[in-house]
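As they're listed, the protein sequences go chains E and V. Numbering-wise (our numbering), the first sequence opens with residue 1 and increments by one. Numbering-wise (our numbering), the second sequence opens with residue 1 and increments by one.
In case anyone wonders, no lab produced these hints; they're calculated from the structure. All of these numbers come straight from a predicted model, not from anything done at the bench. One should not assume that every hint holds.
Claimed, not checked - Here are some chain E residues the structure puts well away from chain V; computed CB gaps all over 12 Å: (1) G138; (2) M214; (3) N217; (4) A238; (5) I249; (6) Q294; (7) L383; (8) G511; (9) A515; (10) L516; (11) A519; (12) T520; (13) R523.
To be verified - Below, in silico cross-link-like pairs of lysine to any residue (SDA-like), each with a Cα-Cα straight-line distance of 25 Å or less: (14) K46(V) to T269(E); (15) K401(E) to S355(E); (16) K466(E) to F190(V); (17) K46(V) to A519(E); (18) K10(V) to L487(E); (19) K46(V) to L522(E); (20) K46(V) to R382(E); (21) K10(V) to A488(E); (22) K10(V) to G148(E); (23) K157(E) to G174(E); (24) K401(E) to I415(E); (25) K10(V) to P282(E); (26) K10(V) to T269(E); (27) K152(V) to N186(V); (28) K111(E) to G129(E); (29) K296(E) to T269(E); (30) K46(V) to D128(E); (31) K446(E) to A24(V); (32) K466(E) to A488(E); (33) K10(V) to L521(E); (34) K46(V) to V204(V); (35) K401(E) to L487(E); (36) K10(V) to T244(E); (37) K46(V) to I126(V); (38) K46(V) to L512(E); (39) K466(E) to I126(V); (40) K111(E) to S158(E).
Built from N, CA and C at the ideal position, the CB exists for glycine as well.
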Amino acid sequence: MILLKKSCAVLIALLTMCALCLAVAVPVAADGEPTTATTEPPLTLKPVTAPTTEPTTLPTTVPTTAPTTVPTTEPTTRPTTEPTTTVPTMVTMPTTEITITIEPTSVGGGKGYIDTYCNVDGAAVAFDGTYQCTIAQGVCTVGVSPTGHVQTVTVTKSGYTTWSGGLSGMPSNGQHVAVYATINPVSTPPTTIPPAQYGTIYAQSSPAGAAIYMNGNYYGYAPVTIPTLQPGTYTMKASLSGYTTNTQIVTVYAGQTTTYYPTLQQSPTPRSTGTVTVTSDPSGAGVYVDGTYQGKTPMTVTLYPGTHTFRLSLAGYNDYTASVYVTAGTNQNLNAILAPAVYGTVALTSLPGASVTIDNAAQGTIPSSGTMTVNNVASGNRLIKVTAPGYNEWLNSVYIKPNVVTTVNAVLTPIGVNPAPVPATGGLTIVSTPNGAEVYVDNLFKGYTPATLTDIAAGQHQIILKYTGYMDYTQTVAVNSGQTTPLAISMQVAPTPTPASAPSVLILIGGLMAALGIATLLRRRS
Amino acid sequence: MTKPCFTSTKLWIAAILAIIIIGALTAFAYTSEQNALKGATDMGMKSTVAVMATQIHAEDIAGLQPGDEMNPQYLAVANHLQAMRSMDDNIMNAYILKVYPNRTAVFIVDDLYPDDPLGSAKTGEISTAPDTLEMFGALSGPTVSQQPYTTKYGSFMSAYAPIDDSVNDSTGNTAAVLAIDVSARNYTAFTSQGSLPILITGLVSMILTVGAIFWFGSRKGEKTE
């Protein structure tokens with residue numbers, strides 16, 4: 001038992017250690033601060049293509065930080081179609097140094113000047129071995145004491161011969177004395193052949209013929225060679241109609257030809273279509289495909305493969321309906337012979353003298369018997385309107401049955417009399433879990449839950465509740481006149497997207513399987 | 001007397017092995033989940049900026065110079081960028097850069113300028129974002145920052161896409177680069193979601209496994225006694 005207790009204690013310590021190790025090994029960047037990812041993210045750019053041969057010279061260093069020089073802003077000039085390798089003009093800081101005047105350490109009796117002229121800028125001037133100044137713009141002026149002594153002027157620069165000479169005399173107060181020095185480059189025999197200065201990019205695409213762009217500028221159709229390029233990195237693009245575009249960054253080395261061989265993938269082909277030529281007898285019928293009006297016959301409709309429902313409609317004729325299976329790349333003919341419409345009879349009872357129209361066509365007035373019979377009314381839904389002076393209009397859609405008498409009773413009510421003084425509106429009381437959801441009635445925003453809505457027209461209404469992090473709730477509710485309908489709605493939490501590669505369940509199963517395996521092994525051995 | 005010790009050693013070895021295996025699986029799951037989320041987010045950003053770039057014409061920004069920030073041409077482009085950006089609350093800024101072959105990127109239009117002249121980049125200002133390679137690569141196609149970065153304007157994750165001049169019937173050369181910024185905080189929060197459950201799952205698995213090992217191991221020891 002003691003051994004068991006000790007084991008438990010050590011086990012707890014071990015688990016704690018493991019948890020700490022896991023936490024340290026897998027950093028959680030949940031604080032939102034930009035963190036350096038420990039794992040290399042997938043590169044969006046292919047890095048660099050290897051040169052065709054090993055470079056004999058080191059590539060030029062590509063600056064990775066923003067340059068400190070300020071380019072002139074001609075950035076918005078339209079690019080020319082000619083392939084150009086325009087390098088932006090850079091306004092650089094002046095490299096020529098301003099003439100330096102060094103004050104003498106001890107000036108007595110005024111100040112004279114020694115002007116040292118030299119053919120090479122950057123050369124160092126020394127008086128009697130003491131550095132004084134550097135030649136800039138061909139001259140260097142040093143102020144000296146007229147009472148002082150300068151015996152030797154020396155001008156030196158690395159890679160050049162050294163010049164030495166004396167002064168004609170010390171300058172008096174305010175006077176200039178000139179010294180002219182000429183130094184020449186030291187000729188050293190070349191030990192190696194100077195490397196070539198430029199590189200080349202050779203672009204060939206698969207399939208050939210892609211438009212090749214370098215740094216966003218068109219250079220021609222592959223295969224294409226882009227010569228005389230400064231060593232460095234270039235961004236390449238190959239574009240060919242019907243294929244996906246390829247982009248890549250390549251590095252050009254001096255004296256080398258860098259290859260750019262993009263293999264372009266075929267773009268997804270557009271969905272194929274078929275056509276149906278629709279004719280009718282008589283022609284001029286309206287064509288509806290899957291409920292959408294397309295035009296009048298005769299006509300040809302282009303459709304995706306599959307079954308489509310055609311409906312042809314012409315006044316005075318029965319609708320013609322057919323299903324057509326459209327095959328890709330083929331044309332089919334649909335000839336519809338429209339049958340004359342089937343008719344029915346309407347027996348309309350209403351106020352004598354009232355005017356009657358059916359589908360806006362006047363039918364006459366109700367006779368003194370109170371019933372009007374209208375024959376040969378095309379079957380189907382017809383809009384019947386009955387009007388009489390001093391009475392409210394009676395308007396209804398009536399289905400006329402074929403070959404039978406359809407009776408219609410149109411009761412007209414006098415204007416100004418309100419026969420039903422019941423309120424025509426109702427209300428809704430909506431509570432939700434969670435509270436604060438946005439409430440929409442028939443797509444109109446009405447407020448937040450809990451909400452009591454009044455003056456809602458009696459009838460069916462669509463209620464939508466929206467809340468961040470929850471699924472939209474939609475329900476059709478019947479609102480009754482003079483009543484308040486209560487609604488209690490519990491909203492469902494929206495599912496969070498689960499990455500396909502998160503195998504947390506697999507880990508759990510794997511862990512349990514491992515535990516079971518080890519336990520079984522131990523039991524079997526016992 | 002040596003038997004219990006021998007059994008205990010075996011239990012410890014089994015426990016350590018289980019911890020190593022589960023730990024490795026957890027780390028693998030964590031990395032995969034991070035990469036999947038980052039990949040999906042990056043792809044979304046690239047798609048968004050690429051579509052936005054097609055809505056900007058090279059001629060809209062032609063001729064803009066430093067100091068043009070309040071002229072109608074600049075404001076029209078800035079408003080256009082702002083309108084596109086407003087469709088997605090996660091996009092904090094949209095701007096147009098001129099990128100040179102030496103990887104220098106210069107601001108042309110910043111859509112925040114009309115509203116916040118002091119907190120936005122002016123025409124001609126050099127971008128100090130470290131995404132030089134991504135901006136350069138955007139001369140050819142959409143790119144995205146490899147990781148969030150910080151400049152004087154804040155911490156962002158950016159996506160870039162070329163604005164080509166094909167509308168002028170040219171050969172489709174790149175006139176400029178459109179960039180959008182997403183808050184580094186939002187980006188990191190989104191790409192880190194789901195990390196905690198994986199770690200907890202791994203830890204629970206470890207506890208269960210090690211507990212089972214010692215539980216069954218100790219029962220076996222008692223039976224032996």
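So, going through the hints one by one against the coordinates:
1. G138: Holds: least Cβ distance 32 Å, greater than 12 Å.
2. M214: The claim is violated: M214(E) sits with its nearest Cβ about 9 Å from chain V, within 12 Å.
3. N217: violated (5 Å)
4. A238: violated (9 Å)
5. I249: violated (6 Å)
6. Q294: Check passes; 31 Å lies beyond 12 Å.
7. L383: Its Cβ never comes within 12 Å of chain V, the nearest being 44 Å, so this holds.
8. G511: Non-interface label fails for G511(E): nearest chain V Cβ at 3 Å, not farther than 12 Å.
9. A515: violated (4 Å)
10. L516: violated (7 Å)
11. A519: violated (4 Å)
12. T520: Not fine: 9 Å to the nearest Cβ puts T520(E) too close to chain V.
13. R523: violated (6 Å)
14. K46(V) to T269(E): holds (23 Å)
15. K401(E) to S355(E): Distance of about 22 Å is within 25 Å: holds.
16. K466(E) to F190(V): Answer holds: K466(E) to F190(V) is near 22 Å, not above 25 Å.
17. K46(V) to A519(E): violated (50 Å)
18. K10(V) to L487(E): At roughly 64 Å apart (the allowed maximum being 25 Å), L487(E) and K10(V) break the hint.
19. K46(V) to L522(E): violated (54 Å)
20. K46(V) to R382(E): Outside the cut-off at roughly 56 Å; violated.
21. K10(V) to A488(E): violated (60 Å)
22. K10(V) to G148(E): violated (95 Å)
23. K157(E) to G174(E): violated (29 Å)
24. K401(E) to I415(E): violated (32 Å)
25. K10(V) to P282(E): Violated. K10(V) to P282(E) sits at ~94 Å, over the 25 Å cutoff.
26. K10(V) to T269(E): Status violated; Cα separation ~62 Å.
27. K152(V) to N186(V): holds (18 Å)
28. K111(E) to G129(E): holds (21 Å)
29. K296(E) to T269(E): violated (31 Å)
30. K46(V) to D128(E): violated (68 Å)
31. K446(E) to A24(V): The given pair, whose Cα atoms are some 53 Å apart, is violated under the 25 Å limit.
32. K466(E) to A488(E): holds (14 Å)
33. K10(V) to L521(E): Distance ~11 Å between K10(V) and L521(E) Cα, so the pair holds.
34. K46(V) to V204(V): violated (38 Å)
35. K401(E) to L487(E): violated (42 Å)
36. K10(V) to T244(E): violated (58 Å)
37. K46(V) to I126(V): Holds, because 23 Å separates the two Cα atoms, which is no more than 25 Å.
38. K46(V) to L512(E): Not satisfied, since the Cα-Cα distance of roughly 41 Å exceeds 25 Å.
39. K466(E) to I126(V): With Cα atoms ~44 Å apart, K466(E) and I126(V) exceed 25 Å; violated.
40. K111(E) to S158(E): violated (31 Å)
Of the hints listed earlier, those the structure fails to meet are numbers 2, 3, 4, 5, 8, 9, 10, 11, 12, 13, 17, 18, 19, 20, 21, 22, 23, 24, 25, 26, 29, 30, 31, 34, 35, 36, 38, 39, 40, in rising order.
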